[in-house]
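Engineer: Using the sequences provided together with the hints, build the complete structure.
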Amino acid sequence: MRCTLRSSVEEREFCFEGRREAPASRLRALEPDRVQAFAQLFLDRHHQANTWDLWAAAYLLGGGCSHDGFTDFRSWLISLGRSWFERAMKEPDSLAEVQFGPHEEQDSFFEEYAYVAGDIYEELTGESMPERPENAATEPAGEPWEDDDALASRLPRLWEASRGGRTSPDR
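According to our numbering, the sequence shown holds residues 4 to 174 in order.
Just so you know, these hints were derived from the structure itself, not from any lab. Among these hints, one or two may not hold up.
Simulated restraints, written as ranges between beta carbons of each label pair [to be verified]:
no.	residue 1	residue 2	range
1	SER131	PRO159	36 to 46 angstroms
2	ARG166	HIS70	22 to 32 angstroms
3	GLY67	SER156	18 to 28 angstroms
4	ALA153	SER97	11 to 21 angstroms
By construction, the Cβ of each residue, glycine as well, lies at the ideal position given by its N, Cα and C atoms.
Structural biologist: Structure (structure tokens):
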């Protein structure tokens, strides 16, 4: 689906283009150093969401999830906004309640959201955003899951939802 000005508010919430454009339009009004601050906040949230429980959620929502897929899943999670992000951090199984788009946009992997700040910074300055320090930890926090029984036990609502055919294509 392509979001347009005529798209309903509800459709724009589900549409990746709409969810990308909302922060982009706000960032365009800021000074470049504030855009950099947003980029750092995004990286901090991305790092915070690097947990085994959220990887399990991504795996169930996506019908599978590679390392790169999990990176894109965390961008998607951040794009849902603060309340969903904070809720998912406390209770990853709550993601079973996420409503996906009305036009078959049932994808919980949103790579493009990770590039919003860099794209706007370049738009504003004509230069690439200076490198930001990455958070050091690459291994997810928490306990890894080993098999389907562990997934079903850890995330029962997502497990049920994923068995009901509400998942997106393999990642």
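Engineer: Compare the structure with each hint and give your call.
Structural biologist: Against the structure, the hints:
1. For SER131 and PRO159, the hinted distance range of 36 to 46 angstroms is satisfied, since their beta carbons lie about 45 angstroms from each other.
2. For the pair ARG166 and HIS70, the supplied restraint of 22 to 32 angstroms holds, since their beta-carbon distance comes to about 24 angstroms.
3. Between GLY67 and SER156 the C-beta distance comes to about 19 angstroms, which sits within the given range of 18 to 28 angstroms.
4. Distance hint check: the CB atoms of ALA153 and SER97 are about 19 angstroms apart, consistent with the given range 11 to 21 angstroms.
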